[in-house]
Amino acid sequence: MGHEPVGPRASPDAAVAGTAFYDAVEAAAAALYLRALVDVPPDVREALRQAYERERHSVSRQLLGIILRNIEIADERRTLVCQDTGTPIYYLRAGTGLYLDGARVADALRRGTERATREHSLRSSVCHPVTRENPQTNTGYRIPAIHWEFAAGADYLEVLCVPKGSGSESMTFLRMLPPADGVAGIRRAVLESAVEAGANPCPPCIVGVGIGGTADQCVALAKRASVRRLGTRNPDPEVAALEGELLEAVNRLGIGPQGLGGDTTALGVHVEHAYTHITHNPVAVNMQCWRGLRATGRVRADGRTEIET
Amino acid sequence: MAGIPLTTPLREADLRPLRAGDWVSLSGTVFGVRDATLMRICDRGVAPPVDLRGAVLLHTAPNVRRVGDRYEPISVGTTTSTRMNRFTAPLLERHGVRAVVGKGGLLEDSVEAMRAHGAVYLTIVGGAAAWETQHVEAIEAVYWEDLMPECLWQFRVRDLGPLLVSIDSHGESLYARVRDDARRRLQGLLGGGA
Ligand code: SF4
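Top to bottom, those sequences are chains A and B.
Each residue of the first sequence is one higher than the one before, counting from 1 in this note's numbering.
Each residue of the second sequence is one higher than the one before, counting from 1001 in this note's numbering.
Hint data in this document are derived by calculation from the structure and do not stem from the laboratory.
Bear in mind that the values here come from a model prediction, so they are computed numbers and not experimental data.
Hints are not guaranteed to be accurate.
[To be verified] A short list of chain B residues far from chain A (calculated; beta carbon distances all over 12 Å): (1) Gly1045; (2) Ala1047; (3) Pro1090; (4) Glu1132; (5) Gly1171.
[What the hints assert, rightly or not] Part of the chain B face toward chain A, derived, beta carbon under 10 Å: (6) Arg1065; (7) Gly1077; (8) Thr1082; (9) Thr1123; (10) Val1125; (11) Pro1162; (12) Leu1164; (13) Gly1188.
Just so it is clear, CB atoms sit at the ideal spot from N, CA and C, and this is done for glycine as well.
Pulled out of the complex, with its shape left as it was, chain A reads as follows (with noise of 0.2 Å):
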């Protein structure tokens, strides 16, 4: 992934997507913010028990311990993993053997967050920034955010939902480094910044890193990094090594579960990159919480449907 070329033209016997796909796309909208906010993904489920398994201090074992009861219990019940319902954003990859219409997938993703938020009694989390008035529904202007990439050949478009939470959203670090720090002020940007972070995005996080691009690029990609399937590396054998060898490193700070101290403060650290300017060396980092929010889908031309699980 991250490495084909960017655009390629539909090909000339694409599918037109027509009414049953935008159907299908408010449907699997609708879905997947519901399924993020009740399910935890199983890669996110496996490394918080290898991590409870791991830990040796008492507390930190007893916290971990009330994490995985607490997703035993919302798979019985169907419920809530946690209550933040956070900022809709969706991240889509679009086929070229699909010829759609962008706007009218950004107005189903709109209508498919507010049709979950009003059939679940979801709390609304989301306000104008100046008024702070709520409308209520999970979306506003320029929300859900929306993200495009394109993925040649394929004649589908992939759905990632992510409902990002408030306290690890708040933990998010942007630096403009100068060359010359080189990888090692990338290594301090991140330390520096799972130690400011602390306790706030609870514990134990995937660390998303952002390098090089442009400001806004690096913010995004250190996101984008965030909800990657924990277990996935880097295609870049560099950017693969320092991936472990930061996971290793922020699991050193002892910041631990929910910030109370222990052995494992990060599942993981994911790094996204991209060629930057001469003069400087962008570093950001994003925190995504042990809840790994995050569910994916697919929708075809025809509008049939398929959720990942």
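Position chain B with the ligand relative to chain A; hints supplied.
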């Protein structure tokens, strides 16, 4: 482990014996508050509609369902306390609050206020709302509905816990201890490998 049982309203004598690292569980009434509620009370000086002497506050904004003229809890969880830190001292001093339940911890001035007034900060696991909601028996009353979802919520809880005493009334904060330790380790890691 259920923890030492506490019943609201709390008295100073209930809290002074507690030490950082103890576990407790709460039964009785807990008031849910958040940024908008606290700004109204502390910044705009609006008198709270309930008596907060001996009260337990929970940093939350729940998911609820309206049934007739009542609300039922769907998901009651806990939000980060740190950003509401500055409200703590006035709540203890002027309103007689005795305990705050939250996640993420409070800062030095709140640790000092808790020492001075005989109050504690109790950590509940952040994000564990499904678990937390099981201990909420009912929403007894809701005040300031115009702030939805950041109203002043009155919950009845039973055996809410185990909750960790992470800031006690003797100036001890587990958060400060871990943070200081992390800063020391950070210096070691940067000095060693940078
Ligand atoms: S940081 Fe995550 S787990 Fe913690 S309260 Fe927010 S959304 Fe929930």
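Against the structure, the hints:
1. Gly1045: B/Gly1045 clear of chain A: closest Cβ-Cβ about 19 Å, beyond 12 Å.
2. Ala1047: For B/Ala1047, whose nearest Cβ neighbour in chain A is about 22 Å away, the distance exceeds 12 Å, so it holds.
3. Pro1090: holds, 21 Å
4. Glu1132: Incorrect as stated: the minimum Cβ-Cβ distance to chain A is 8 Å, not above 12 Å.
5. Gly1171: Holds, because the least Cβ-Cβ distance between B/Gly1171 and chain A comes to about 17 Å, which exceeds 12 Å.
6. Arg1065: holds, 5 Å
7. Gly1077: holds, 3 Å
8. Thr1082: Check passed: Cβ of B/Thr1082 comes within 6 Å of chain A, closer than 10 Å.
9. Thr1123: This interface hint holds because 7 Å falls under the 10 Å limit.
10. Val1125: For B/Val1125, the interface hint holds, since the closest Cβ of chain A sits about 5 Å away, which is under 10 Å.
11. Pro1162: Hint holds; B/Pro1162 Cβ to chain A Cβ min 7 Å, cut 10 Å.
12. Leu1164: Interface hint status for B/Leu1164: holds (7 Å vs cutoff 10 Å).
13. Gly1188: At 8 Å from the nearest chain A Cβ, B/Gly1188 passes the 10 Å test, so the hint holds.
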